[in-house]
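Colleague: If you read the sequences in order, they're chains A and B.
First residue of the first sequence? That's 0 in numbering that gives the first Met the number 0, and the numbers climb one at a time after it.
First residue of the second sequence? That's 0 in numbering that gives the first Met the number 0, and the numbers climb one at a time after it.
These are calculated hints, taken from the structure and not from any lab test.
Every residue, glycine too, gets a C-beta built ideally from N, C-alpha and C.
There's no promise every hint is true.
Residues from chain B shown here face chain A by an in silico Cβ test under 10 Å; the list is partial [claimed, not checked]:
| # | residue |
| --- | --- |
| 1 | PRO238 |
| 2 | MET240 |
| 3 | VAL241 |
| 4 | ASP269 |
| 5 | ILE331 |
| 6 | LYS338 |
| 7 | LEU341 |
| 8 | ASP344 |
| 9 | GLU345 |
| 10 | ALA347 |
| 11 | MET350 |
| 12 | PHE368 |
| 13 | ILE394 |
| 14 | LEU398 |
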Amino acid sequence: MGIFSATHRALAKEALDCVFRRVTFRPCNTGFKEKIKNRIIGRLLNRSIFLARITNKHFEVFSWVFFILMIGSTFWVVKGGYNYYIYGSCNGLNQSGFCAFDPKGENNKVTDINQQCGVEEKTEKNVTLENIDLSTFPTKNIGSKNTVVLIGCYECDYTRKAYSDIQKLVREKKTNYIFAHYPAKENTNFLSEIGYCVYKDYGDRFWAFNDYLFTVDKVEIYQSEYINTILRNFDFDVKKVNDCAQNPEIKKLVNDQITQLRKTHLYGTPTVFINGKGLVGPKPYRVYKSMLNKFILF
Amino acid sequence: MEKIQHDFPILSKEIKGKKIVYFDNACMSLKPRQVIEAMDEYYYEYPACAGRSHHKLGEIVTQKVKEARISIARFINANENEIIFTRNTTEGINLLANSFDFKAGDIVLATDKEHNSNLVPWQALVKKKGIKHQIIKSKEDGTFDLDSYNENINGVKLVAMVLTSNLDGTTIPAKEIIRTAHEHGALVFLDAAQGVAHQKVDVKDLDVDFLAFSGHKMLGPTGTGVFYAKHDLLETLEPFMVGGNTVEYSTYTDYKMLKAPEKFEAGLQDYAGIIGLVEAAKYIEIIGYDKIKEQELKLNSYITDVLRKWPKIKIIGPVDPALRSGVISFYIDGVDMHKFALMLDEMANVMIRSGQHCVHSWFNDKKIFNSARVSLYFYNTLDEADIFLKNLELILKIL
């Protein structure tokens, strides 16, 4: 309690002094043990003489049990804090169990790939990039020693939340960057082909278009008429892009892309791979950044 | 009783939903609102210096302090020029110990139940000036051993004794002790810290030479006390603390002291406290010592009767509660009595003292670890005594 409460800090200090003396085989010299013991027993006496008697008799044993529990819980608190800082979850990378620092699990929420946009939490899957062919997806900064892969959905809130952080990471760290659209919602299925065709025909101009799709109001990307306006605004040849998108070969290629993405075992968007390590859900920027750090403890 | 309790604001407050049961009056008495308001009045209406400043506020404070000295003098039947305001009894005793012209070999005689405040200053003089400090042991029942005293009074310079013990509440036969001392050429100092709050102290009737008491044990503010000395003796004492307001004038090389009592009151005084102390004395006079004694005895008898039914419990001092003022000090062999104080506080806001009550010497001599002390005052009630006893019984069940 003393760690979190200013009013109990003096008590915590006294307790720690007492504990330190006891573990170094010296008596507690502050009277703390007697004070606490008798106040606890006093309180118990108001409820149950039996409990008070047992506590009075075995207080030393109970104290050691609580001490061991305290050491254990301290270890888990420190580990939880470390995990939260590094992975955005107290329980480790992509672990969606309860975390006091992120009680609503915001850092692990994903848009389920088989359902409507939602907040359902999934258990961890072994998401991986092994044996996945990403060669047909939009790529930039080729040749960098670090690689960031974002699998996301234009229409999904959690991808949108993570998107700006991923762009910032790519911009600041100059990482190799691959973007893969996974339409978790059916409204924007057609954008996979559109995106592919823009990248194929216009190269790096695709990225500004991509940024726009992630930042514009979602209703503007639900219908192809709106997309045509956007394409026009970006000075792309609307007819050419649409013809390309309707091409059966392109459709097959995009389908192959989706098949490749499914092989990653992803279960929601966004899923980000940083140097092969998968992060599911929108993590804080520091987490993405720390993934580039080679000195992570565990 | 309800009206009296209403005068003490703290008694109407609750801690964790329970009223407090305050049985630690030998350490500190509670304060009635009259005392608190009098002190507030000083700070709100005339927060200035006394005896120095001649502006309107200064004049008011000077007059209030003058009146306070007269009131306190009347309270113990002294003359106003025999009253010195101090911070507490301890300061009064130190004033005497350091101002009196002791020589090596002078004997100071004390009881075996002196508070450290009336023990250590004399022990310090043993080391500093080579005086002798001698102890009169109490009788088996804890009362004063007059025979032993009479046998040891010869050659004594000063009898310095506690009037009423904070350990067990016993009161020494002061008048007889003083008469015998004077017959043998000895002077007498009484530590009346536990005295004036519970019994009428008439310095003229007692013929005591020196006396000290504290304000905080008699409903007054903390940091207030009084040292009394017969005026002719006061003039023979050399102030051990000098400075502002103790001199008529000073030059770069010399000074001329004021007369007593001013020469003993160095520096700015606690005027608010002094004014509050007067209100405390007035409150006690209004209640009356007869009523105070009656209530204390009623409660002490009630609690003592129950405690005596529990064979484990040993009461320090005489069995008869009438001889123990409002104090019931008790212990159980082999048990740390801090337990009781802590548990009672936690269980029912019953506030008692535990430990050696600054009478370490007695506990060390008797080889008793410590005791729990209930000390009562006139605002305590039988209902409170019942709460104390009920919870004490619960504690005894788990030991």
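Colleague: It remains to establish, for every hint, whether it holds in the given structure.
Modeller: Hint-by-hint comparison with the structure:
no.: 1; hint: PRO238; verdict: violated (40 Å)
no.: 2; hint: MET240; verdict: violated (35 Å)
no.: 3; hint: VAL241; verdict: violated (40 Å)
no.: 4; hint: ASP269; verdict: violated (29 Å)
no.: 5; hint: ILE331; verdict: violated (14 Å)
no.: 6; hint: LYS338; verdict: holds (5 Å)
no.: 7; hint: LEU341; verdict: holds (4 Å)
no.: 8; hint: ASP344; verdict: holds (7 Å)
no.: 9; hint: GLU345; verdict: holds (3 Å)
no.: 10; hint: ALA347; verdict: holds (8 Å)
no.: 11; hint: MET350; verdict: violated (13 Å)
no.: 12; hint: PHE368; verdict: violated (12 Å)
no.: 13; hint: ILE394; verdict: holds (7 Å)
no.: 14; hint: LEU398; verdict: holds (8 Å)
The structure shown violates the earlier hints numbered 1, 2, 3, 4, 5, 11 and 12.
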